[in-house]
Amino acid sequence: MATQAPATASLPETAPRRLVLEVLHDWVTTVDHKKIGLMYIGYALIFLVVGGFEALLIRVQLAVPNNHFVSPQVFNQLFTMHGTTMVFFVGMPILFGFGNYLIPLMIGARDMAFPRLNAFSFWISAFGGLLLYFSYLGASGLYGAGGAPDVGWWAYAPLTMRAFSHGHSTDYWTLAILLSGIGTIGTSANIVATVISMRCPGMKLSRMPLLAWIYLVMSGLVFVTISPLTAAQIMLMLDRYVGSHFFDTQAGGSAVLWMHFFWIFGHPEVYVLVLPAFAFANEIIPVFSRKAVFGYPAMVAASVGIGFISLSVWAHHMFTIGMTAGGNTFFVLSTMTISVPTGIKIFNWLATLWGGKIHFTSSMMFAIAFLFQFLIAGLTGIMLAVAPFDWQLSGSYFIVAHFHYVLVGAIIFMIFSAFYYWFPKMSGRMLSEKLGKWHFWLFLIGFHLTFDFMHIPGILGMPRRIYTYEADRGWMLLNMIVSSGAIFQAVATLLFVYNMVWSYFKGPIAGPDPWDAWTLEWSTTSPPPDYNFAVIPTVESRRPLWDIKHPDDPDSLYDE
Amino acid sequence: MLVLSVTAGIFLVVGGLLLYVVIRYRHRAGDANAHQEPPQIYGSTQIELSWTVIPILIVVMLFLATTRVILSTQNAPKPADSLDVTVIGHQFWWEYRYPKLGIVAANELHIPVSDPKHPTPTYLSMSSADTDHSFWIPRLAGKTDLIPNRVNTMWIDPQAPGLYLGQCAQYCGTQHAKMLLRVYADTPEQFAAWVAHQQQPAVEDPSASKGRDVFQHNACISCHTVAGTVATGRFGPDLTHLASRDTIASGAVPNSAANVRAFVDNPANFKPGALMPAMHLSQKDLDAVTAYLMTLK
Amino acid sequence: MSEAAIIPQNPDTAWVLPSRGIVGMVCLIVAESAIFIIFIVAYLYYLGKSLTGPTPHDVLELPIFISICLLSSSATVHIAVSALHRGNRTATSLWLAATVLLGSIFLAGTAREWYHLITVDHLTLQTNLFGTTFYSLVGLHATHVIVGLTMLSLALVFSLTGSLTSKDTGRMEVLSLYWHFVDAVWIVVFTVVYVLGR
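Residue numbers (our numbering), protein chains in the order written: chain S, 1 to 560; chain L, 561 to 857; chain Z, 858 to 1055.
Derived from the structure by calculation, the hints contain no laboratory data.
Where a beta carbon is used, it is the ideal one built from N, C-alpha and C, also for glycine.
One thing to keep in mind: the hints can contain errors.
[Stated by the list, open to error] Taking CB as the label site, the calculated pair distances span:
1. L:R584 / S:I487: 33 to 41 angstroms
2. S:T29 / Z:T1000: 27 to 35 angstroms
3. S:L477 / L:N829: 44 to 52 angstroms
4. S:V535 / Z:V873: 13 to 21 angstroms
5. Z:L958 / S:V535: 22 to 30 angstroms
6. S:D553 / Z:T1000: 55 to 63 angstroms
7. L:Y580 / S:Y136: 47 to 55 angstroms
8. Z:V1004 / S:F127: 36 to 44 angstroms
9. S:D472 / L:Y580: 31 to 39 angstroms
10. L:H595 / S:K437: 53 to 61 angstroms
[Unchecked claim] Chain S is nowhere near these chain Z residues, computed Cβ spacing over 12 angstroms in every case:
11. I895
12. P913
13. S961
14. T984
15. V1046
Okay, chain S solo, but in the shape it has when bound (with noise of 0.2 angstroms):
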């Protein structure tokens, strides 16, 4: 491992400090992708925080039967804002944060494709999100409640129809996630262009970097994924206030059409936020084992059918709506079908562990649980493609324990390794790992304690978004249990924040290359210059800076 430079030397000193209003008006108008980056996840981890909240306010609400916490109305704009918030305001932008920052960098370019329309959608996405919560403020909901809106996540028809749905909460869901929606197409496309276009001289696709290849796998998912959210919002705006029909089902309308609309989108969204940390992990894992990633192009391969199958299992969503036996069968195969090439990326990275020299640092140790973690998702997941055992499990809260496995367990656990592994680059400190240590054991005991136990619930008998459960039913130890858990997690998040903000002004000096990494954004400054690099690289392997440090044994000669 590379040599740090002692904790008591400072960055240099280059330029004059500047105004606020100056730093100000630089990050507002800035069109430069690390910046844009910066935003995108520091907005992020604002709104993980009020996601965050939301859910112990769910959790205090659960913890004991016939609890009076919160009312019905506000724990039903609770669950709503709280997987809304999750999914839209909180992983999309992290991950396209992630990405926007560390792309050009991996590839050697000096910035995105299109730098202004990366600036416009961070912009409209942000309007977005605060649109949302505005609600809280604007609206009046399900019979006038008041606020926020109430009608879940999905927000199936016909709840959301005007007869349903007073008032204007529903609208504020339908217009945030549009405009976010918007910024998020624009994302994706200016990924395609960069990894597309922009690449450095030498770097064929088969030379990218594996993050590379499943963003731009993830962002051509985008395209035919978030665009059905779309025409179905625009549907609904339709039937709220033109008088149109599309899931009125007074006039012959069909719930089931906006079911269909909403899980071709929701679906592979649950790819598109699981496909960066599979890219995360691709470039974190071999680092800390000191291995070449094992089996690139089977990787490769694996990553694209992930994004292709994934079109196909949506109505694994809907197998209690009464499909043939025909429709049903249909998805349980293409939903058993995705595990094969999910499970050779598990197999590959425990290939690439195999023989290695595992470093356990917090990031590899946020990894090395995600690996478990993801596996025990995964196998939930084929439980629940078998359509039978779904319809006793749908809707309930061995559901919820089985998606929160994944967006918690895998998704959140891959983006604080990505972290702790990134954040020297980006800010040119070291995170504390002895703080990192607590925030790891502290969450896995929390995440564990939560969503292990959550299944139980589930296979007993409780539904999901209920805002309280009868007393004679036995949930209620295990309900406490799951709360309980939620308080390891908020206390290691809010630990994590202030690892972040204490390193940021008192951590090591960081360097170019603090894990003696391979890829291209260790071979510029900590943080880098706003050009990225001086002079334009040119590669010749998959892991150029191994060759430079390995000239005896460098990649390139079992390039092909």
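Keeping the supplied structure of chain S fixed, place chains L and Z upon it in accordance with the hints.
The following block gives chains L and Z in isolation, referenced to the frame of chain S:
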């Protein structure tokens, strides 16, 4: 069972390997070659193939097993002696109609127990009058959704008598959490008695005439039905045999005079967001109508 | 900066990658196609399911003339871009103007059709499922035509004032790609709505 054993097996194998790898290959600073990089292995087509083919085989096996269960459930032939019940979901209560028996009930479903040698399952034909709902009694069957403008069917086949609990499993609005399900699997004698009773029109108890007047001169009759009277509303639950039920407000609270009175006074006492408005009756009228409702056995 | 590692420089064969503009426009086209497909699916799903009101067979007539106009405009914009590539300002302006004209005829024809449907046949978005899906699908397409015409008109103005030169051929190619997409969508909408659906 098959699914559980397959997934548990995969977990033990892969998880076990992961655990092994993480312990065996950790970097130890004291090692002789601690500063050297380990051998760089880029891949192996053979290994990739094996861990592609084996999962495919597992998937095929699981898929075939699953298909068998799907077909046998969804395409099960319907025995001649099965009972037909039409279920209509409402915000936030359940309407049950027995077309061949001429019965309309609400919130508590009585069905006959089924003898495996001579099955008498209950076939539910389900739809919704408003938003999406879902009928889920875990100990009886998987859930099926109730969707407006669509009829879904499922069957249940309880073989032990008793009370089976469940609740609505598709978010349908404010009081989704209190749209509880109570299914009573009755012995043949119990069921016959229940049917005979439910087929009677409402009890005409002369001592409750004051309450009956209050009921029939207020808006109650525009939403509720009491068989054999002028009350023929369909928006709310059928009250003909209200007093014969164990609970009111779709399982939310036990059926007692005090609870009925509190509910009629203001449904928000138990179910804020329920569609029944507070009736704003005087205390006297409230007492009278409660007494009347409690006579509707 | 001296801390940064130096990567070997090897100026060998030419490193040519696809144009960013074209890639970006292809991405947009893929996304927009997905939106259109959803509206087309809704249209097909609801065919024959209207409870009341006029049916496609009752009120729709094949819009042959305006379709020919629109599809020809793909040819004219292609010619315009070739002219721009050769640096011929007059030809570019002429063929761009022809494109805008043909596109405008299409829009006018659509407007006329809708006027008739609304005032004479009493078909609106609110009438029935057919009205809902017809106006939203055709309307979505018309919106894309309007956006395209706006951009083409801008290009025409730039060409007339001499600001558009052969250097801008790449950008015009991106715009013409969008216009070809709009025409291709019309072929699908035409087939689904006026041929299959009636």
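Here's how the hints hold up against the structure:
One distance hint, 33 to 41 angstroms for the beta-carbon pair R584 of chain L and I487 of chain S, holds here, with the actual separation near 35 angstroms. Our hint of 27 to 35 angstroms for T29 of chain S and T1000 of chain Z holds, since their Cβ atoms are close to 30 angstroms apart. The given range of 44 to 52 angstroms is broken by L477 of chain S and N829 of chain L, whose C-beta atoms sit roughly 29 angstroms from each other. At roughly 20 angstroms, the beta-carbon separation of V535 of chain S and V873 of chain Z lies within the given 13 to 21 angstroms, and the hint holds.
Judged by the Cβ atoms, the range 22 to 30 angstroms given for L958 of chain Z and V535 of chain S is violated: they are separated by roughly 51 angstroms. Distance hint check: the CB atoms of D553 of chain S and T1000 of chain Z are about 59 angstroms apart, consistent with the given range 55 to 63 angstroms. For the pair Y580 of chain L and Y136 of chain S, the beta carbons lie near 50 angstroms from each other, so the given range of 47 to 55 angstroms is met. Between V1004 of chain Z and F127 of chain S the CB atoms are about 21 angstroms apart, so this pair departs from the stated range of 36 to 44 angstroms.
Against the hinted window of 31 to 39 angstroms, the Cβ-Cβ separation of D472 of chain S and Y580 of chain L comes to about 45 angstroms, which falls outside the hint. Separated by about 24 angstroms at the C-beta atoms, H595 of chain L and K437 of chain S break the suggested range of 53 to 61 angstroms. Remark: the non-interface label on I895 of chain Z conflicts with the geometry, its nearest Cβ contact in chain S lying 4 angstroms away (cut-off 12 angstroms). Remark: the non-interface label on P913 of chain Z is consistent with the geometry, its nearest Cβ contact in chain S lying 15 angstroms away (cut-off 12 angstroms).
Separation of S961 of chain Z from chain S is adequate, the least Cβ-Cβ distance of about 25 angstroms exceeding the 12 angstroms criterion. The beta carbon of T984 of chain Z is not kept farther than 12 angstroms from every beta carbon of chain S, the shortest such distance being approximately 9 angstroms. Every C-beta of chain S lies more than 12 angstroms from that of V1046 of chain Z, the closest at about 14 angstroms, which supports listing it as non-interface.
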